[in-house]
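Student: Now for the letters of each chain:
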Amino acid sequence: MQAFEKTHPLLVADWSEAQAREKLERMLLIRAFEEKAEELFALGRVHGTMHLSIGQEATAVGAASAMRRGDYLLNHHRGHGHCLAWFDSDVDAMMAEFMGKETGYCRGRGGSMHIANVEANNLGANGIVAGGLPIAVGVGLSIKMRRTEQVCLVVFGDGAANEGAFHESLNMASIWDLPVVYLCENNQYAMSMPVSKAFNIERISDRAAAYGIPGVTVDGNDLMAVYTAVREAAERARSGGGPTLIESLTYRWRGHSKSDKQAYRTREEVKAWQQRDPILRFAAALGVSEAELEQLRAAAQARIEQAVAFAEASPEPAVESIFEGVYA
Amino acid sequence: MQAFEKTHPLLVADWSEAQAREKLERMLLIRAFEEKAEELFALGRVHGTMHLSIGQEATAVGAASAMRRGDYLLNHHRGHGHCLAWFDSDVDAMMAEFMGKETGYCRGRGGSMHIANVEANNLGANGIVAGGLPIAVGVGLSIKMRRTEQVCLVVFGDGAANEGAFHESLNMASIWDLPVVYLCENNQYAMSMPVSKAFNIERISDRAAAYGIPGVTVDGNDLMAVYTAVREAAERARSGGGPTLIESLTYRWRGHSKSDKQAYRTREEVKAWQQRDPILRFAAALGVSEAELEQLRAAAQARIEQAVAFAEASPEPAVESIFEGVYA
Amino acid sequence: MPDAMLDRLPLAPPPGSREITYVEAVREALRQAMAADPRVFLIGEDIGVYGGAFGATAGLVQEFGEQRVIDTPISEAGIAGACIGAGLTGMRPVGEIQFMDFVTLSMEQLVLQAAKIRFMFGGKASVPMVLRMPGGSGTGAAAQHSESLENWFVHVPGLKVVMPSTPYDVKGLLFAAIYDGNPVIFIEHKLLYKTRGPVPEAPYYLPLGRSEVKRAGRDLTVVATSNMVPRALEAAQRLAGEGIEIEVIDPRTLSPLDDEPILASVKKTGRALVVHEAVKTGGFGGEVVSRIVESEAFDYLEAPVRRLAGLDIPIPYNRTLEAHAVPQVENIVTEARKLVRGEY
Amino acid sequence: MPDAMLDRLPLAPPPGSREITYVEAVREALRQAMAADPRVFLIGEDIGVYGGAFGATAGLVQEFGEQRVIDTPISEAGIAGACIGAGLTGMRPVGEIQFMDFVTLSMEQLVLQAAKIRFMFGGKASVPMVLRMPGGSGTGAAAQHSESLENWFVHVPGLKVVMPSTPYDVKGLLFAAIYDGNPVIFIEHKLLYKTRGPVPEAPYYLPLGRSEVKRAGRDLTVVATSNMVPRALEAAQRLAGEGIEIEVIDPRTLSPLDDEPILASVKKTGRALVVHEAVKTGGFGGEVVSRIVESEAFDYLEAPVRRLAGLDIPIPYNRTLEAHAVPQVENIVTEARKLVRGEY
Ligand SMILES: Cc1ncc(C[n+]2csc(CCOP(=O)(O)OP(=O)(O)O)c2C)c(N)n1
Ligand SMILES: Cc1ncc(C[n+]2csc(CCOP(=O)(O)OP(=O)(O)O)c2C)c(N)n1
Ligand SMILES: [Mg+2]
Ligand SMILES: [Mg+2]
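If you read the protein sequences in the order shown, they are chains A, B, C and D. Residue numbers are given in this note's numbering: position 191 of the first sequence equals residue 191, and the series is strictly consecutive. Residue numbers are given in this note's numbering: position 305 of the second sequence equals residue 305, and the series is strictly consecutive. Residue numbers are given in this note's numbering: position 109 of the third sequence equals residue 109, and the series is strictly consecutive. Residue numbers are given in this note's numbering: position 299 of the fourth sequence equals residue 299, and the series is strictly consecutive.
Where hints are given, some of them may not hold.
[Said to hold, decoys possible] Between beta-carbon pairs, the in silico distance windows are:
#1 Gln67/D to Ser196/B: 10 to 20 Å
#2 Asp37/C to Glu269/A: 31 to 41 Å
#3 Thr320/D to Arg147/A: 51 to 61 Å
#4 Gly209/C to Gln274/A: 21 to 31 Å
#5 Gly212/A to Glu201/D: 41 to 51 Å
#6 Thr195/D to Lys338/C: 45 to 55 Å
#7 Asp260/A to Arg203/B: 38 to 48 Å
#8 Asp37/C to Arg238/D: 52 to 62 Å
#9 Arg203/B to Ser239/A: 22 to 32 Å
#10 Glu201/D to Arg45/B: 39 to 49 Å
[Stated by the list, open to error] Below, in silico cross-link-like pairs of lysine-lysine (BS3-like), each with a Cα-Cα straight-line distance of 25 Å or less:
#11 Lys271/A to Lys258/A
#12 Lys271/B to Lys258/B
#13 Lys258/B to Lys36/B
#14 Lys271/A to Lys261/A
#15 Lys214/C to Lys268/C
#16 Lys267/D to Lys338/C
#17 Lys144/B to Lys197/A
#18 Lys197/A to Lys258/A
#19 Lys268/D to Lys194/D
#20 Lys144/A to Lys197/B
#21 Lys194/D to Lys267/D
#22 Lys271/A to Lys36/A
#23 Lys124/C to Lys144/B
#24 Lys124/D to Lys214/D
#25 Lys338/C to Lys268/C
#26 Lys267/C to Lys338/C
#27 Lys258/B to Lys197/B
#28 Lys267/C to Lys214/D
#29 Lys197/A to Lys36/A
#30 Lys261/B to Lys194/D
#31 Lys194/C to Lys214/C
#32 Lys36/B to Lys261/B
#33 Lys261/A to Lys194/C
#34 Lys197/A to Lys144/A
#35 Lys194/C to Lys258/A
#36 Lys36/B to Lys271/B
#37 Lys124/D to Lys144/A
#38 Lys197/B to Lys271/B
#39 Lys214/D to Lys267/D
#40 Lys258/B to Lys338/D
Honestly, the hints are just simulated from the structure, not real lab data. For glycine and all other residues, C-beta sits at the position ideal for the given N, C-alpha and C.
Based on the sequences and whatever the hints tell you, model everything.
Tutor: Here it is in structure tokens:
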């Protein structure tokens, strides 16, 4: 694997080529899931809304790859990718939840914005911007008090960094040295609000200094860059070094949600970012050929079709069960 | 005035000696008001609670002195001093409000934590920590849209700087270049919480960088230092330069509110800070003798006694008027 | 006291009405108010070039510029505070909370500041502001984007709460809210945005605090709010086929509540049903029921007063469950029939 | 389902009770729960060396250390989130909001997260947590430190709301809340903290969702909450002198509300008065009134059902106005007398 080592010595250090390929396959699975989700919407086969992460796959897979089984994930509304990238994720249960079926992760009660896999310590996506940030403080405290070696990864967008919850959460995590990794997916926009207008600073990671914690900005379309930064932050957290704020620079290829004319950005800008496709870049780093990649893509799409079939064959939640889950 | 110029050339630049003495007298009036408030409480002649600013007089008078008539003030719970230092303040109406009388600034409805002098654009103290910070955004926007030359001074404590509202407010003021001066009175504690435990940074003013605005820390017990910093910030704001975060390092000599055993700090610490009495320091800078100072102190106390007499002679709000002021 | 601007506006209805949608009525009121008064401005998330999550402000930034149609960062406490500070200092802000659910982040500013400032300051200040927000379920947006929290605000003295059900009411009440001089929570409904109705083109206002009888009837008084009004009216039509005539009353302003028409109606019909989408327990229905049984209307009651409201659960994502979570036309028909036929 | 720990606790009352204050009962329950279970911890503002604004946690940091009695910065959303995250991951957090008013800053976390997580996740997670907060007026703390917002929480499915009126109830209900397995809003009253009553020394619990008849009577059913319970009992004594016997019922848990004893009582007395300190409009009283008139108890009513509650105003600072803003014993006596004598 000559080309291999040249491009990414790190891969050799951490992963076998097979493992590295799994990351690529995971990104392809996410891409395929999102494209199918979009299609199902267009066909009117799902209702509600959705937030596609096409273009951001490297951040999801890179981050999850840096965590350990048993760690916690607090995800956000643009969370399909993170959920699929997390430990023990089940694409059938994902798709079933997306389609509101009883076999879904949340028995059809949650839908796209609330997919969780509690058994795997994936504490769920969140429909509220920055909604997971205060919760991360509690997860961090709990880990500290239970004296386990866990770490909490909390994912949020650039827009979330302007909610008061961001401020309170980072400050509390800092003063108590909580094992939390704050991963800010800066995809350049909060709905229609460009980062350039919502912030008067160059890098969101510069805000780490306001809490006395490390802050770093990485190329979010480079899986290895995200992986490296998150791994370092997670190790620091695990060893009692406290929280880190990581800003992952990426871009969403699609509109904000189901209906978005995207009047706030230009086609050229979108095209330019599409040139930095995280999947193609990682495939190249791995020395995966076009043909191979096409096979892997087809395999991912086939897997998604299976998931759709599973979801469609699954029952709707029974109306009689409507009160279940309100109280323990 | 030899000694005078030596100690503070600035005084000469801005103020006549008479004007400078008025600042001293204003601080003495605040001190006398607070001491009387404490006494009235001890005697059970007022109910509710209060937050005394003894030891922090230089921040209040220094800041107000740097503003222009017509500017706005958003004050906080430890606000007696700021209210007395602001334009056109009426100590009779202050004391009457403190004692819940109809002649008080708020007709006895507000009390210590809500004293406002709306006619003078003193938009009131606030019982909610950081409660005035989001409001400052609106005042700033209003000034900008009305194209007046006003500035909004918003005062809050170190504890307020950890509320989410602080974050949202400073970010909005920054991205819109609002004419707001953020004055953080860092008196070392938020009730029992020491700044050293509530923050993981050296200076609260360092947080200004998270919003791309200027931040400065000054000796809050040095009236001229506070005056200089606030004047500079106000001028910048007035000329379209946007907001500034000023941290004023000071100390409250008394407990947090009416009942506080102060188990969280030592007598020595309090004593040490009392050595830096803002009033004695400014008096010395002005070359005011002990004897003169004693006279001025007596005059201030006499004025406060008058105010108490006024308040006591004032009527209680009529019970029939209880519904007044709920709606416009 | 309402703003002087109101005197310049006719009490509805001026001539020349045509059919527009509920969301167009919101936009028209905003546009006309902004054109007439430089103190009026809009602030909220994605209300500029995006036009608002539901299109309510589409085109307004092009017409009035970014200084008066202000896109904010995602800071709901900041948005509320911006309205308060601007209102306190002479402006007439109209804020938008993208989904009512997110107003949970503005509660301190709205309840402890906006609602209380005037009273705490002895009546010497006022906080004229409007905060618009879409509530309700039915779009598959699930538990965190489907709240109906109106009764929280009804429970806060100092706030007014408006909840219109027709395009005509939207326009007239929004003008009244902007010039009321108090903080007004203006609650729209996602499912009503695309509904159409006649609306006069010229500006006009409908005074706050006036309930309206949307349909007269002798057998049962149905008090319905927001999206439950059209459903109650549809139920009324069906019941008419069975010879049951229900009177449908829309409070329009939940606070202050004009209960006169409600009590008068109950004295006439002897029966009452309150219908709202918000969960039943602790909801606005309890207020209406209490106003009825506390009053002399109590002596006219021939049947228990009932509430038909949302189930006491968060709104589920699944389409079928979501529909079952809130009252549908059939449910209203059934409940009304029971009350009228004495089958309870 | 309640936590297994509860099985180890006796259902009240164990022997050996003595007189302690309401605030001491809070502290005793917290201390005993922490001593018995390492999952229980406290978090809030100034609850450590300061002992809490009202002294509820005095001495506990010395006993359990700063790791389990956690002083926070002034970040109410963070406090709520800390409880949610800890509860989600196996702990049994008990948070304190220094004054109920400040919970307005925690609403998003409590209402959109804590209350909904279990449901949104298909019942696969739970959020066991207690958030304690003192509500009410009477201390001269004015409009921003005197709120009674309990009905907001009653209106949120997924939350439970407890509002005890005696030291005995405080201790038993706090134990039940800690081990309930759901997010519980535990509302204390500033004026009750120093009141005394018999409390068993050993741990015990009182099941949530059980109303209690605090005094039996035949003429009128008075449903009172929190600080209005002792006032209603005092009114009952005075009325007894006039030969009027009122039955006083304390729901203790406002959500879920155990209305059985209330309905049974009304069937007996034929008259009902609901008394709470929160402002009347949109308040909890509406829920109780509705439960009564929607039920078969309606047929037993001999008089209108009435609410006696706080005036629809913010709490004024002035001592006299403050007292007039909420129901006092005299007001209860007067209202009760009117209803019994039919003078309305
Ligand atoms: C508190 C809150 N405010 C507003 C919204 C509506 N909303 C949903 S996603 C979104 C944009 C979020 O931007 P960002 O955090 O950058 O995440 P992205 O969508 O770009 O991935 C907005 C405004 C919300 N869900 N929650
Ligand atoms: C939102 C909110 N949380 C808590 C309180 C209770 N409280 C009043 S003052 C105070 C301490 C404030 O500290 P700081 O901001 O430093 O001001 P200082 O009292 O030191 O002047 C606290 C916790 C409050 N009034 N509002
Ligand atoms: Mg974004
Ligand atoms: Mg302080």
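Student: Each hint needs a verdict: does it hold in this structure or not?
Tutor: Against the structure, the hints:
Checking the proposed 10 to 20 Å range against Gln67/D and Ser196/B shows it holds: the Cβ atoms sit about 18 Å from each other. In this structure the hint that Asp37/C and Glu269/A lie 31 to 41 Å apart at CB holds, the actual value being about 37 Å. One distance hint, 51 to 61 Å for the beta-carbon pair Thr320/D and Arg147/A, holds here, with the actual separation near 56 Å. Remark: the range hint 21 to 31 Å for Gly209/C to Gln274/A is contradicted by a beta-carbon distance near 55 Å.
Against the hinted window of 41 to 51 Å, the Cβ-Cβ separation of Gly212/A and Glu201/D comes to about 46 Å, which satisfies the hint. Between Thr195/D and Lys338/C the beta carbon distance is about 46 Å. The supplied range of 45 to 55 Å therefore holds. At about 42 Å, the beta-carbon gap between Asp260/A and Arg203/B stays in the expected band of 38 to 48 Å. Checking the proposed 52 to 62 Å range against Asp37/C and Arg238/D shows it holds: the Cβ atoms sit about 57 Å from each other.
Arg203/B and Ser239/A have their C-beta atoms about 28 Å apart, which keeps the hinted 22 to 32 Å range intact. Between Glu201/D and Arg45/B the beta carbons are some 41 Å apart, a value that agrees with the proposed interval 39 to 49 Å. Straight-line distance between C-alpha atoms of Lys271/A and Lys258/A comes to about 20 Å, which keeps the hinted pair within the 25 Å bound. Restraint check: the Cα-Cα separation between Lys271/B and Lys258/B comes to about 20 Å, which is no more than 25 Å; the hinted pair holds.
For the suggested pair Lys258/B and Lys36/B, the alpha carbons sit about 13 Å apart, so the restraint of at most 25 Å is met. Annotation: proposed proximity of Lys271/A to Lys261/A holds, straight-line Cα distance about 16 Å (limit 25 Å). A threshold of 25 Å between alpha carbons decides the hint, and for Lys214/C with Lys268/C the separation of about 16 Å falls inside it, so the pair holds. Only pairs whose Cα atoms come within 25 Å are accepted, and Lys267/D paired with Lys338/C is accepted, the gap being roughly 23 Å.
Taken as a hint, the Lys144/B and Lys197/A pair is honoured in the structure, with Cα atoms around 18 Å apart against an allowance of 25 Å. With a C-alpha separation of about 24 Å, the suggested pair Lys197/A and Lys258/A falls inside the 25 Å cut-off, and the hint holds. About 35 Å separates the Cα atoms of Lys268/D and Lys194/D, which puts this hinted pair outside 25 Å; it is violated. Taking the CA atoms of Lys144/A and Lys197/B, the gap is near 18 Å; set against the 25 Å cutoff, the hint holds.
Distance check on the hinted pair: Lys194/D and Lys267/D sit about 36 Å apart at the alpha-carbon level, beyond 25 Å; violated. The straight-line distance between the Cα atoms of Lys271/A and Lys36/A is roughly 21 Å, inside the 25 Å bound, and the hint therefore holds. Restraint check: the Cα-Cα separation between Lys124/C and Lys144/B comes to about 24 Å, which is no more than 25 Å; the hinted pair holds. Between the alpha carbons of Lys124/D and Lys214/D the distance comes to roughly 39 Å, so the proposed pair goes past 25 Å and is violated.
For the hint pairing Lys338/C with Lys268/C, the CA-to-CA distance comes to about 18 Å; that is within 25 Å, so the pair holds. The straight-line distance between the Cα atoms of Lys267/C and Lys338/C is roughly 19 Å, inside the 25 Å bound, and the hint therefore holds. About 24 Å separates the Cα atoms of Lys258/B and Lys197/B, which keeps this hinted pair within 25 Å; it holds. Between Lys267/C and Lys214/D the alpha-carbon distance is near 36 Å, which puts this suggested pair outside the 25 Å criterion.
Proposed proximity of Lys197/A and Lys36/A is contradicted: the alpha carbons are some 33 Å apart, above 25 Å. About 19 Å separates the Cα atoms of Lys261/B and Lys194/D, which keeps this hinted pair within 25 Å; it holds. Distance check on the hinted pair: Lys194/C and Lys214/C sit about 20 Å apart at the alpha-carbon level, within 25 Å; holds. Taken as a hint, the Lys36/B and Lys261/B pair is honoured in the structure, with Cα atoms around 20 Å apart against an allowance of 25 Å.
In summary, the hint linking Lys261/A to Lys194/C is supported, as the alpha carbons are separated by about 19 Å, within the 25 Å threshold. For the suggested pair Lys197/A and Lys144/A, the alpha carbons sit about 38 Å apart, so the restraint of at most 25 Å is broken. Distance hint between Lys194/C and Lys258/A is fulfilled; the C-alpha atoms sit about 17 Å from each other, no more than 25 Å. Of the supplied pair hints, the one linking Lys36/B and Lys271/B holds, its CA atoms being roughly 21 Å apart against a limit of 25 Å.
Only pairs whose Cα atoms come within 25 Å are accepted, and Lys124/D paired with Lys144/A is accepted, the gap being roughly 24 Å. Restraint check for Lys197/B and Lys271/B: satisfied, since their Cα atoms lie roughly 22 Å apart, inside the 25 Å limit. Restraint check: the Cα-Cα separation between Lys214/D and Lys267/D comes to about 17 Å, which is no more than 25 Å; the hinted pair holds. A hinted pair counts as satisfied when its Cα atoms are at most 25 Å apart, and Lys258/B with Lys338/D does not qualify at roughly 42 Å.
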